[in-house]
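Fit chain P to the given chain X structure using the hints.
Protein sequence lines correspond, in order, to chains X and P. What the first sequence shows, in the UniProt record's numbering, is residues 1 to 245, in sequence order. What the second sequence shows, in the UniProt record's numbering, is residues 1 to 245, in sequence order.
Hints may be right or wrong, so weigh each one.
Copies of the same chain are indistinguishable here, so a pair counts whether it falls within one copy or spans any two.
[What the hints assert, rightly or not] Straight-line Cα separation of at most 27 Å, BS3-like style, residue types lysine-lysine; simulated pairs: (1) Lys192 with Lys90; (2) Lys90 with Lys194; (3) Lys6 with Lys192; (4) Lys178 with Lys192; (5) Lys207 with Lys6.
Read the hints as simulated data drawn from the structure, not as lab findings.
Each chain is listed here by its residues.
2 protein chains.
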Amino acid sequence: MGELRKDPILGRWVIISTERSKRPDSFVKEKEKTEDDKDKCPFCEGREKMTPPEIYSLRVPNTKPDEPGWRVRVVPNKFPALNTETELEKRGYGVHDMMTSFGTHEVIIETPDHDRDIKDQTIDEISDVIRVLQYRVEELQKDERFRYILIFKNKGKEAGASIRHPHYQIIGLPITPKRVREELHGAEVYFKLKERCIFCDLIEQEKSWGERIIYENDGFISFCPYASRFPFEVWILPKDHSIDF
Amino acid sequence: MGELRKDPILGRWVIISTERSKRPDSFVKEKEKTEDDKDKCPFCEGREKMTPPEIYSLRVPNTKPDEPGWRVRVVPNKFPALNTETELEKRGYGVHDMMTSFGTHEVIIETPDHDRDIKDQTIDEISDVIRVLQYRVEELQKDERFRYILIFKNKGKEAGASIRHPHYQIIGLPITPKRVREELHGAEVYFKLKERCIFCDLIEQEKSWGERIIYENDGFISFCPYASRFPFEVWILPKDHSIDF
Numbered sequence: 001m002g003e004l005r006k007d008p009i010l011g012r013w014v015i016i017s018t019e020r021s022k023r024p025d026s027f028v029k030e031k032e033k034t035e036d037d038k039d040k041c042p043f044c045e046g047r048e049k050m051t052p053p054e055i056y057s058l059r060v061p062n063t064k065p066d067e068p069g070w071r072v073r074v075v076p077n078k079f080p081a082l083n084t085e086t087e088l089e090k091r092g093y094g095v096h097d098m099m100t101s102f103g104t105h106e107v108i109i110e111t112p113d114h115d116r117d118i119k120d121q122t123i124d125e126i127s128d129v130i131r132v133l134q135y136r137v138e139e140l141q142k143d144e145r146f147r148y149i150l151i152f153k154n155k156g157k158e159a160g161a162s163i164r165h166p167h168y169q170i171i172g173l174p175i176t177p178k179r180v181r182e183e184l185h186g187a188e189v190y191f192k193l194k195e196r197c198i199f200c201d202l203i204e205q206e207k208s209w210g211e212r213i214i215y216e217n218d219g220f221i222s223f224c225p226y227a228s229r230f231p232f233e234v235w236i237l238p239k240d241h242s243i244d245f
Numbered sequence: 001m002g003e004l005r006k007d008p009i010l011g012r013w014v015i016i017s018t019e020r021s022k023r024p025d026s027f028v029k030e031k032e033k034t035e036d037d038k039d040k041c042p043f044c045e046g047r048e049k050m051t052p053p054e055i056y057s058l059r060v061p062n063t064k065p066d067e068p069g070w071r072v073r074v075v076p077n078k079f080p081a082l083n084t085e086t087e088l089e090k091r092g093y094g095v096h097d098m099m100t101s102f103g104t105h106e107v108i109i110e111t112p113d114h115d116r117d118i119k120d121q122t123i124d125e126i127s128d129v130i131r132v133l134q135y136r137v138e139e140l141q142k143d144e145r146f147r148y149i150l151i152f153k154n155k156g157k158e159a160g161a162s163i164r165h166p167h168y169q170i171i172g173l174p175i176t177p178k179r180v181r182e183e184l185h186g187a188e189v190y191f192k193l194k195e196r197c198i199f200c201d202l203i204e205q206e207k208s209w210g211e212r213i214i215y216e217n218d219g220f221i222s223f224c225p226y227a228s229r230f231p232f233e234v235w236i237l238p239k240d241h242s243i244d245f
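Just chain X, with the same shape it has in the complex (with noise of 0.2 Å):
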């Protein structure tokens, strides 16, 4: 079923997944993958008995769960790099730490159309996503064993998204990121020495410099971050101090 290990020197703790070594892809080289096969996508409508049941959707009154008619649709991961299922317990393992791998991996299935990629969707079609995504990490967080939700959404096979049909991932984890916790820690350490919120300050210098922004209105602000770590990385902040959406 696999396990959550802890890097003894680093303090990061690693998936060790069993179940996703068992995807169809893993350890074929990006040529020799077969393309993303639409006659065959277990995310398109009619095809809703090739996924797990389904956790919840947005359908036409009066059809049926795991059938035609929905929206939006939300269904467990077939390859979970977690699950509910196991109990969530930590143990000693020699020198090292380690924890049964309890968290959730859901996927989110935007449309049931193959190829209606998010440029192609309304905004009431993207409303209803957004909701759904909303509504899932709402539901997550009531159960106190999910430290953090991340949600994710890989496009295109360079990004490692092996179905092309488009769709977003929820991950639940029973562990706060190391990366989080270093984020949380910066903006904090921020805040003691300048008594000033640190992504509030970075809006009003990028305003005020104007090089880098992609796009702003009155809710949210876009931009390239000054030590961005790759080309093209974007940042999207909520102009108001607020600490979730």
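Below, chain P without anything else, positioned relative to chain X:
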């Protein structure tokens, strides 16, 4: 010329390099890249003028620099991430911290023969390469502006190697990378807690389990770490408790 920029939240330095964007394969998708062309390889014997002038070489007596007759050859990277022609200077920039792109980026060409990969090289040839790496590190250590010297080798296009001819790279940095600081810190915390070296403890643990050891001789041990981040991750540690090689 590029510069180093500090991430204001994580404290991580990022190299912003204008030179490297000039590399011929930047932003070209894998399948569009031209195949490595042996007839034009700048690292092959006889094409010494295609690289910047050599820094060092092991060669047949009475042959001249930048001419054939070498066994191992050290040249500056033609598209350096950092360079020593820049003065090391630190500046504030609004809320940010930056540093000029002082540093070094060298290429160690292991063999004059394009196809003579490490698996084909003799022990003597490999020893030559390692001695040259060691020599360059010792030379660079004499410059107090360097805080960290990194040796690495990209092999294969998947790993980012743009030239197939066997070569190492050395980067000398004016900062200690965040990851390295964290390793030093982690080892220190462990020592303060246990009054023992974490690396020595990890070697003992792996030897007692015997599950993850790949190879061991009098001087070294190699194993897959308990909390591997990716499949086939391998560590090679000296069995003697020593701070460097």
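The hints, checked one at a time:
1. Lys192 with Lys90: between (33 Å within a copy, 24 Å between copies)
2. Lys90 with Lys194: So Lys90 and Lys194 pass the 27 Å test across copies only (21 Å; inside, 38 Å).
3. Lys6 with Lys192: Between copies only: 19 Å across, 30 Å inside.
4. Lys178 with Lys192: Classified as both: same-chain Cα gap 21 Å, cross-chain 22 Å, threshold 27 Å.
5. Lys207 with Lys6: Only across copies: Lys207 and Lys6 sit 19 Å apart there, 41 Å inside one copy, limit 27 Å.
Figure legend: structure checked against the earlier numbered hints; every hint is met.
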